[in-house]
Amino acid sequence: MLTVFLQFLFSGLTVGAVYALVGIGFNITYNATSIINLAQGEFVVIGGLMMWFFSESLKLPFFVSVVLTIITAGIVGLLMERLTIKPLKNPDLLLMIMITIAVSIVLRGILMFYFGKDPYVYPSFTEGEPLSIYGAIIQQQTLWVIGITGFCIILLFFFFKKTIIGKAMLACAVNPTAAKLVGINVSRMVMLSFVLSAIVGAIGGMAITPISLMEYDKGPMLAVKGFCAAIMGGLGSNRGAVLGGFIIGILESMTAGYIHSGLKDAVALIILLLILFYKPAGLFVSKAMLQLRKF
Amino acid sequence: MLSIKEIWKSFGGLTALRNISFDVKQGDIKALIGPNGAGKTTLLNIVSGIYQPDTGEVNFLGERIVHLSPAKIAQKGVSRTFQHVELFGNLTVVENVMVGRYAKTKTGFFSSGFRLPSIMKEEREVQRKSEEILEYVNLVHRKDEIASNLPIGEQRILEIARALATEPQLVLLDEPAAGLNIKETRELGEIIRKIRGELKITIVLVEHDMELVMKISDSITVLNFGEIIAEGTPLEVQKNPEVIVAYLGEEEELQTGYNADT
Amino acid sequence: MKKEDLSAFLVFIFFIILFPILSGGAYTLTVGIFSGINALVAIGLCILMGYAGQVSLGQAGFYGIGAYVSSVLSLHLGFPVVVSVILAMVAAAVAAMILAVPALRLKGHYLAVATLGFGEIINVILNEWGPGGPSGFGDIPHFGLAGYTIDSTTGYFYLTWGLVASVMFFSINLINSRTGRALRAVHDSEAACNAMGLNVAALKIRVFILSAAYAALAGSLYAHYVTFISPGSFSLFYSILVLTMVIVGGITNLWGAIIGAVVITVLPELLRRFEELDVLVYGLILTSSLMFFRKGLVPILIEKINKLKGFAFVKH
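Residue numbers (this note's numbering), protein chains in the order written: chain A, 1 to 295; chain B, 296 to 557; chain C, 558 to 873.
Read the hints as simulated data drawn from the structure, not as lab findings. Just to be clear, a hint being listed does not mean it is correct.
Keeping only pairs whose Cα atoms sit at most 25 Å apart, straight-line, the calculated DSS-like set for lysine-lysine is [stated by the list, open to error]:
| no. | chain 1 | residue 1 | chain 2 | residue 2 |
| --- | --- | --- | --- | --- |
| 1 | C | Lys864 | A | Lys86 |
| 2 | B | Lys416 | C | Lys559 |
| 3 | B | Lys438 | B | Lys424 |
| 4 | B | Lys478 | B | Lys320 |
| 5 | C | Lys560 | B | Lys438 |
| 6 | C | Lys664 | B | Lys367 |
| 7 | B | Lys438 | C | Lys559 |
| 8 | C | Lys861 | B | Lys401 |
| 9 | A | Lys86 | C | Lys664 |
| 10 | C | Lys560 | A | Lys89 |
| 11 | C | Lys664 | B | Lys438 |
| 12 | A | Lys279 | C | Lys559 |
| 13 | B | Lys416 | C | Lys664 |
| 14 | C | Lys852 | C | Lys864 |
| 15 | C | Lys866 | A | Lys89 |
| 16 | B | Lys424 | C | Lys560 |
| 17 | B | Lys478 | B | Lys416 |
In this text, all values refer to a predicted model and were calculated from it rather than measured experimentally.
With the hints as constraints, model all of the structure from the sequences given.
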């Protein structure tokens with residue numbers, strides 16, 4: 001009983017960690033620009049596939065591959081922002097949504113072209129015996145995923161709360177005019193937010209691929225679930241996204257395990273709709289904050 | 296006609312309106328004036344149903360309207376214009392007015408897809424009535440122009456024309472003279488008087504343009520910091536020391552000297 | 558009906574009647590049929606987005622409901638095809654209403670994601686509980702009317718485009734009427750609509766139902782033509798495809814929806830040889846349309862024609 005439960009719990013935490021990272025990626029762009037970047041899921045895929053490319057295809061050493069993957073993801077984020085976001089003056093919301101969707105399709109198309117439709121995998125970061133907790137088998141990579149996610153979260157926390165650049169980025173969405181007036185280079189902050197969110201997504205992709213493999217078209221589902229995680233805690237709140245991500249991951253895992261695996265995706269989707277319909281500001285948001293948010 | 300009783304409204308920690316009570320007599324032009332931030336637009340928004348007050352009552356023709364949605368209140372006969380012109384920018388001038396006729400017409404949402412004679416007849420009637428209204432406010436020569444292309448003066452008149460299309464008994468005008476020059480303001484004043492005199496419509500006017508206010512209002516209520524500080528005829532209000540202090544901050548007579556007959 | 562619309566409509570009918578006679582064989586006609594089916598969905602989405610200003614990334618869900626409900630009713634329950642199609646449209650309308658009531662309080666991004674989520678849920682449902690599961694099912698009866706079954710490609714072409722013409726007629730009337738004005742007004746200022754006594758929520762819900770019904774009609778047509786359906790055809794990719802059609806054609810113009818549908822349906826046929834590139838090409842088309850040809854083909858074409866007219870007449 002306990003064994004099975006723990007098994008599902010850990011697999012839920014694992015996949016939940018990736019959702020949390022995607023959710024955080026959403027928050028980073030949203031906090032800096034008020035844009036919801038629906039291409040967020042593609043960064044995760046890029047992380048996994050590029051890591052394969054560098055470490056398996058080019059046979060580069062592990063750390064080199066990691067760094068190159070991160071750089072690649074950053075460049076993709078940069079290009080996306082420079083080529084499609086920046087040139088638009090005063091875009092309306094609809095246009096922004098569709099552009100991010102369009103970019104996600106372009107990215108997916110490129111990935112499909114180079115990688116095809118097959119799943120890709122590479123070895124776990126550390127080889128070794130899986131752990132056994134009350135009978136549940138926990139792969140080492142699982143711990144890596146959870147650990148790396150936790151590490152990212154802590155780093156980002158310090159970045160946004162303690163560094164000038166981080167705070168500047170947050171200021172940009174709240175009031176870009178005021179931000180400009182105090183000397184913040186809004187355009188550069190926007191660019192940085194895309195780069196950062198791309199890297200965060202890619203890190204998730206890199207970590208999860210040894211466990212669940214990576215295919216070119218995993219992006220949209222990841223984006224939807226990551227978005228769900230992000231709004232669960234209130235769009236813009238990273239703590240909320242983390243909590244949301246883990247909750248979704250665990251619920252998903254429990255549903256797949258105890259009820260029916262085909263319904264796995266439905267879990268996040270139903271939660272998403274319920275939140276959007278009844279508590280779009282997030283589950284943990286107070287009434288006072290509600291008045292400040294705009295939908 | 297309109298009765299406002301003990302309205303309180305706060306936004307978070309800020310109290311926008313304190314214990315506001317006053318009446319508007321049928322057929323009157325009632326002006327709401329006061330410095331910026333006094334709560335005038337908030338009050339208008341409460342009357343038209345956009346905000347709910349914390350406590351208090353709003354009665355229109357004896358009926359409690361404070362809990363109704365804006366659309367329902369509009370259907371009861373209260374229409375309005377907005378501080379920042381809220382025209383249907385991409386529609387033509389005449390189409391804007393035609394939308395005002397929506398609540399007075401019956402063609403169903405889906406039945407509009409069929410070119411039935413009864414539907415075409417109603418459509419012609421709406422077109423005719425809308426052009427009539429535009430003619431009344433001297434805008435019919437612009438009827439096929441895109442609304443957002445009009446100069447601000449004509450946009451404000453169009454908003455009023457659209458409000459008239461709903462056949463209201465009460466019209467709330469939110470700073471209709473904002474951005475208008477002297478000539479346009481004078482024309483506005485004429486139209487407002489025409490509406491009251493010929494169409495027997497009651498008007499509540501929020502305005503900063505004192506010349507216009509003093510010239511056309513029957514009764515004025517003065518707000519400051521969310522409270523009523525004076526009420527009365529234009530002459531009475533002009534001479535009220537508290538009003539003067541609220542606007543000018545010192546004791547100096549307002550050099551207006553206009554009365555309702557000029 | 559406005560003059561331009563009337564002349565466009567007549568040209569359109571003319572074209573439809575002549576096309577099968579002038580064009581090549583079954584292949585061209587088949588592409589034509591699929592263009593027509595997609596056009597139906599695109600017209601509905603165009604009204605929803607271009608006129609009413611809402612957004613939907615879930616049209617594939619209604620398309621799928623149309624296909625599956627109509628197929629199951631006619632194949633498994635023996636209903637006549639025409640009845641099945643109508644009931645499928647009703648089913649989609651009900652689904653739209655259930656979704657719309659909570660969803661249309663949302664705006665922008667949130668509405669987009671909500672409709673996306675809806676489309677995905679339908680996809681999961683079809684995969685789990687649709688006959689045949691992910692593999693789908695076949696033997697769906699062809700379209701039939703009063704004993705006469707339409708099973709020739711030419712016949713189906715006329716059926717499809719005849720329906721497109723009817724839907725266009727209905728839609729053009731709708732846009733130029735009280736309803737169309739109200740929808741465009743909602744798009745411009747909901748606050749003003751409320752102040753004029755319009756029930757904005759009801760309007761949004763109805764236009765949503767309309768777009769769902771069009772998509773379901775298209776889905777049924779699709780199912781009864783190809784006689785074999787599987788959930789894979791009713792996915793997010795299709796929703797985005799339809800979105801591309803509307804944007805490429807011109808989001809504010811109904812004719813644009815048809816043109817966009819034709820262009821985007823024909824394109825993969827031209828790209829047959831470069832199958833690995835099709836996703837990328839769609840993406841690039843959508844991106845460049847959004848960034849450079851935001852108005853869409855038809856409005857831009859109209860502008861150019863008007864400029865030419867002006868050029869022809871302004872002579873000193």
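Checked hints:
no. : hint                : result
1   : Lys864/C / Lys86/A  : violated (31 Å)
2   : Lys416/B / Lys559/C : holds (16 Å)
3   : Lys438/B / Lys424/B : holds (13 Å)
4   : Lys478/B / Lys320/B : violated (29 Å)
5   : Lys560/C / Lys438/B : holds (18 Å)
6   : Lys664/C / Lys367/B : holds (22 Å)
7   : Lys438/B / Lys559/C : holds (17 Å)
8   : Lys861/C / Lys401/B : violated (39 Å)
9   : Lys86/A / Lys664/C  : holds (23 Å)
10  : Lys560/C / Lys89/A  : violated (36 Å)
11  : Lys664/C / Lys438/B : violated (32 Å)
12  : Lys279/A / Lys559/C : violated (45 Å)
13  : Lys416/B / Lys664/C : violated (36 Å)
14  : Lys852/C / Lys864/C : holds (16 Å)
15  : Lys866/C / Lys89/A  : violated (31 Å)
16  : Lys424/B / Lys560/C : holds (23 Å)
17  : Lys478/B / Lys416/B : violated (39 Å)
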